[in-house]
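4 protein chains.
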Amino acid sequence: MAATGKPVTRIARHTRDSIYVRDRNLVEDLIGKVSFTDMIYLHLIGQPPTRAQSVLLDAVLVTLMEHGLTPSAIATRMIAMSSPEALQAAVAAGLLGVGSQFIGTMENTALLLADLIAAPGGVQARARAVVAEHRRDHKPVPGFGHPLHRPDDPRSPKLIALARDQGVPGRHIAALEALAAAVDDGYGRHITINATGAVAAVLGEIAIPTEIMRGIAVISRAAGLVGHIREEREHPAARFIWELTEREVAYAGPSARPGPNDKEGD
Amino acid sequence: MAATGKPVTRIARHTRDSIYVRDRNLVEDLIGKVSFTDMIYLHLIGQPPTRAQSVLLDAVLVTLMEHGLTPSAIATRMIAMSSPEALQAAVAAGLLGVGSQFIGTMENTALLLADLIAAPGGVQARARAVVAEHRRDHKPVPGFGHPLHRPDDPRSPKLIALARDQGVPGRHIAALEALAAAVDDGYGRHITINATGAVAAVLGEIAIPTEIMRGIAVISRAAGLVGHIREEREHPAARFIWELTEREVAYAGPSARPGPNDKEGD
Amino acid sequence: MAATGKPVTRIARHTRDSIYVRDRNLVEDLIGKVSFTDMIYLHLIGQPPTRAQSVLLDAVLVTLMEHGLTPSAIATRMIAMSSPEALQAAVAAGLLGVGSQFIGTMENTALLLADLIAAPGGVQARARAVVAEHRRDHKPVPGFGHPLHRPDDPRSPKLIALARDQGVPGRHIAALEALAAAVDDGYGRHITINATGAVAAVLGEIAIPTEIMRGIAVISRAAGLVGHIREEREHPAARFIWELTEREVAYAGPSARPGPNDKEGD
Amino acid sequence: MAATGKPVTRIARHTRDSIYVRDRNLVEDLIGKVSFTDMIYLHLIGQPPTRAQSVLLDAVLVTLMEHGLTPSAIATRMIAMSSPEALQAAVAAGLLGVGSQFIGTMENTALLLADLIAAPGGVQARARAVVAEHRRDHKPVPGFGHPLHRPDDPRSPKLIALARDQGVPGRHIAALEALAAAVDDGYGRHITINATGAVAAVLGEIAIPTEIMRGIAVISRAAGLVGHIREEREHPAARFIWELTEREVAYAGPSARPGPNDKEGD
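Going down the list, the protein sequences come from chains L, E, Z and W.
Sequential numbering of the first sequence, starting at 1, is according to our numbering.
Sequential numbering of the second sequence, starting at 267, is according to our numbering.
Sequential numbering of the third sequence, starting at 533, is according to our numbering.
Sequential numbering of the fourth sequence, starting at 799, is according to our numbering.
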């Protein structure tokens, strides 16, 4: 808030013949001069990325874009079939799936890495303690394990190698690797760093705040979902999925369990 | 559909240790090797962009990302305040505003340009006829006019100049310029090509199909809206807008107009 | 707008100790005194329903609530699995499917009935002309035909009988029946009035404006989708549908069709 | 899952000439015979409500429908202006605001009441302990306090009185009242039970599971938001709110704070 008590914005302004975004002249300084990725960084962080930050943000956006017929893609195709006149609604429906179960673990990993980095007793000791706590509570360590990609998720070493190549400071990646060593040691077997875990470390390296990390996935998936809408229009699958669902999820009659009225109500 | 009658997908597949998107190995061929923009093009069109296509898609994505406190941004901020735990929902709410009133005219312009290009009597003659029809019906010509940016929207000449620099074939841009000449002539005064109109021509030049053009705006705006969420968290404005609205939109009591029951019902 | 040029609202206001909706005291006059259905009518139309209007609005809301594993329900379940912490997002995703393909025909039917009612030459003559136009253009008549419920959609005669029982004026229903007679005659066989068609006539009878008819379906489906979320939590089906989709929609490799670059670009 | 391992549904099924919802024949047993509210209860709970359950669900749905120009309503109006062709998208945008900040406290209250009811040492003792814990942690007790309605939210005593009139068992209401006494005692002043707190107790009385309580608010608000869309079409306010926001939320130039690159990056 300014002295007047009114909120302010630092994002954009325009006059009759100019548009400014983050204090740059859109037409003179940005269009044709910066990539979409660099524009995203400038907008989210308020200053242009370094070369390393640009390369790594591109890598993350490319990594997260597309995973085939995921729940988000299925939701998007259902809405694209139902409301073909509103492409934006089909994308929005799919994006609503970027929640706690598939992407949200990125934030939990980022918080954990920040905790390790700040630990007074050192990263290694804190990593061992964190793994011990998760084992005791029978909880998975965020950023580790994958149902399919075993023993290793191929995206993770690639992202980590890229970050090293770019010479970023590496505190988040060092923390992730300390955690990985403690995980393998604590569980007595190798558990992969999954893509979400590696992404959390790389986004930490390029100064994306934890509270908008999920937003990077949202931007990337928006592009992926537009691709599914295009395929759905050319080679429709939604009606087939609908009919398959109606056939394979059987009607089973009312439940035999005692109803809530047996316990509650007058 | 394949011979079996089942639908197929050409988007992505994975094995235990590899992920393929559009038949490229994600880890070997894409991460760290292609930009987000090129990945978007590959995904939407099925093949990598040429250099010119890449430059122009970047330019369009940069152009459309951010316009300040638009209706979409206000919707996103309202939901970000109400459901801060679900960033994806705040983005989705704003994206639902990428509809007919502010972006949809892009598609109408694209259809008009396609109509001009295909006209048997030539682009100029068809442009004049189209302008005459719109004047007769008192309808605005899609892609022309702007409430603020007069006499010219600064984004349009920039995008058109970039496309020329890149040496794209130029049929869509030639059609847009023929239409612009016919508009100025028909209305007897200069009316600007607006950004949406120029974007439609440039996306036509780089072979983005009309039916997913709106999707390019959706992807770009997703990034813009994440930026608004970040600012809302650091410098909240949503509650102020809410209180302002409650104060400035007055309660006016019931309408005096005759109710529908005076005409209908028993 | 009031004389000041500022917009006004007639919906609700509150003081420190009272809340008014549509000029009624919420606590004194509405809670415990009116049904949800009557409150919906009051809010949408600005005055309480007659008994007949209340009965028929209930009937429509009950009719539209639930249709099993529809595209909307599948979208809702996908998002409920992905973001279980945001129930509202799962409902929103499904509601986005209340678009042109499954519910929007209600509005087209309503517009057609209004056209018949206003026809100077009488309802019957206009009905025959409308059917002839649709046959000539090979377009289905909105409100007629159903892929499964043949020869008759059981909901339609029920809704029409209820409206008659309630003694509503019947101009919309009379128009629908004239249209049904013209359809059967024009196509030379019986084509059912579908539920959407009957709903359009009944909502017309109770003075719901065409431009918010779709909203009645949205309200009703919201309730249906909450039911799907509850079942999904107790007896999950979403992951099964996802795995089924991944297995049954096969990867087919890149398309052999000539790419857009063969025609466009440099 | 059934013995086959496939998931089942108990919601709806249909044949060529019949539709069944929750094992009732839609046309024979439900349309024209049950209210929308009773249909909602049947669908969510799997059996029809008692008279008391029906009366109280109506009361809650009427209570929550409409609160004027709330953040949800503003979001809905922004999208209604931007995408007037997609009414469902405008409703969905507003519903995304039914999250943790304004409605989610209902669930926290419900969990707290369940905790009190199950406390081995009795409701009163547990209530005092809970209040002491919240005071110690400087956290508000869920379901208590209101920024405007002081000393009392008028909706709460009304809902509680209605529940008593209907003779429901009253364990949730008794727990809420024990908590209210402990709150006033612990803080040394009267703090109102807010509407969300009272709703949580009443929904507990009528056997709505905590995990779908938010869904009751979603259904009710869907109706409220359709009302805002209708008013927006007849008496537009969205553009005024947009212009007001652009004028009152000032552009403030780039932040002077040290950027993240001063701490991170290469």
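If you are wondering where the hints come from, they were derived from the structure by calculation, not from laboratory data.
The reader is advised that the hints may include incorrect statements.
What the hints assert, rightly or not - SDA-like mimics (lysine to any residue), calculated; alpha carbons at most 20 Å apart, straight line:
no.: 1; chain 1: L; residue 1: LYS158; chain 2: E; residue 2: GLU294
no.: 2; chain 1: W; residue 1: LYS956; chain 2: Z; residue 2: PHE772
no.: 3; chain 1: Z; residue 1: LYS565; chain 2: W; residue 2: TRP1040
no.: 4; chain 1: Z; residue 1: LYS538; chain 2: E; residue 2: TYR517
no.: 5; chain 1: Z; residue 1: LYS538; chain 2: W; residue 2: LYS804
no.: 6; chain 1: L; residue 1: LYS6; chain 2: W; residue 2: LEU909
no.: 7; chain 1: L; residue 1: LYS33; chain 2: E; residue 2: LYS405
no.: 8; chain 1: W; residue 1: LYS804; chain 2: L; residue 2: ALA250
no.: 9; chain 1: E; residue 1: LYS424; chain 2: L; residue 2: VAL34
no.: 10; chain 1: E; residue 1: LYS272; chain 2: Z; residue 2: PHE772
no.: 11; chain 1: Z; residue 1: LYS538; chain 2: W; residue 2: LEU909
no.: 12; chain 1: E; residue 1: LYS299; chain 2: L; residue 2: HIS67
no.: 13; chain 1: W; residue 1: LYS831; chain 2: Z; residue 2: ALA651
no.: 14; chain 1: Z; residue 1: LYS565; chain 2: W; residue 2: LEU909
no.: 15; chain 1: E; residue 1: LYS424; chain 2: L; residue 2: HIS14
no.: 16; chain 1: E; residue 1: LYS272; chain 2: L; residue 2: LYS158
no.: 17; chain 1: W; residue 1: LYS937; chain 2: W; residue 2: ASP963
no.: 18; chain 1: Z; residue 1: LYS538; chain 2: E; residue 2: LEU510
no.: 19; chain 1: Z; residue 1: LYS538; chain 2: E; residue 2: GLU294
no.: 20; chain 1: W; residue 1: LYS804; chain 2: L; residue 2: ALA252
no.: 21; chain 1: L; residue 1: LYS158; chain 2: E; residue 2: ASP295
no.: 22; chain 1: Z; residue 1: LYS538; chain 2: E; residue 2: ALA518
no.: 23; chain 1: E; residue 1: LYS272; chain 2: L; residue 2: GLY170
Cross-check of the supplied hints:
{"no.": "1", "hint": "L:LYS158 <-> E:GLU294", "in the structure": "holds, 9 Å"}
{"no.": "2", "hint": "W:LYS956 <-> Z:PHE772", "in the structure": "violated, 45 Å"}
{"no.": "3", "hint": "Z:LYS565 <-> W:TRP1040", "in the structure": "violated, 38 Å"}
{"no.": "4", "hint": "Z:LYS538 <-> E:TYR517", "in the structure": "holds, 11 Å"}
{"no.": "5", "hint": "Z:LYS538 <-> W:LYS804", "in the structure": "violated, 58 Å"}
{"no.": "6", "hint": "L:LYS6 <-> W:LEU909", "in the structure": "violated, 38 Å"}
{"no.": "7", "hint": "L:LYS33 <-> E:LYS405", "in the structure": "violated, 36 Å"}
{"no.": "8", "hint": "W:LYS804 <-> L:ALA250", "in the structure": "holds, 8 Å"}
{"no.": "9", "hint": "E:LYS424 <-> L:VAL34", "in the structure": "holds, 14 Å"}
{"no.": "10", "hint": "E:LYS272 <-> Z:PHE772", "in the structure": "holds, 18 Å"}
{"no.": "11", "hint": "Z:LYS538 <-> W:LEU909", "in the structure": "violated, 44 Å"}
{"no.": "12", "hint": "E:LYS299 <-> L:HIS67", "in the structure": "holds, 18 Å"}
{"no.": "13", "hint": "W:LYS831 <-> Z:ALA651", "in the structure": "violated, 36 Å"}
{"no.": "14", "hint": "Z:LYS565 <-> W:LEU909", "in the structure": "violated, 29 Å"}
{"no.": "15", "hint": "E:LYS424 <-> L:HIS14", "in the structure": "holds, 16 Å"}
{"no.": "16", "hint": "E:LYS272 <-> L:LYS158", "in the structure": "violated, 35 Å"}
{"no.": "17", "hint": "W:LYS937 <-> W:ASP963", "in the structure": "violated, 33 Å"}
{"no.": "18", "hint": "Z:LYS538 <-> E:LEU510", "in the structure": "holds, 13 Å"}
{"no.": "19", "hint": "Z:LYS538 <-> E:GLU294", "in the structure": "violated, 60 Å"}
{"no.": "20", "hint": "W:LYS804 <-> L:ALA252", "in the structure": "holds, 11 Å"}
{"no.": "21", "hint": "L:LYS158 <-> E:ASP295", "in the structure": "holds, 11 Å"}
{"no.": "22", "hint": "Z:LYS538 <-> E:ALA518", "in the structure": "holds, 11 Å"}
{"no.": "23", "hint": "E:LYS272 <-> L:GLY170", "in the structure": "violated, 48 Å"}
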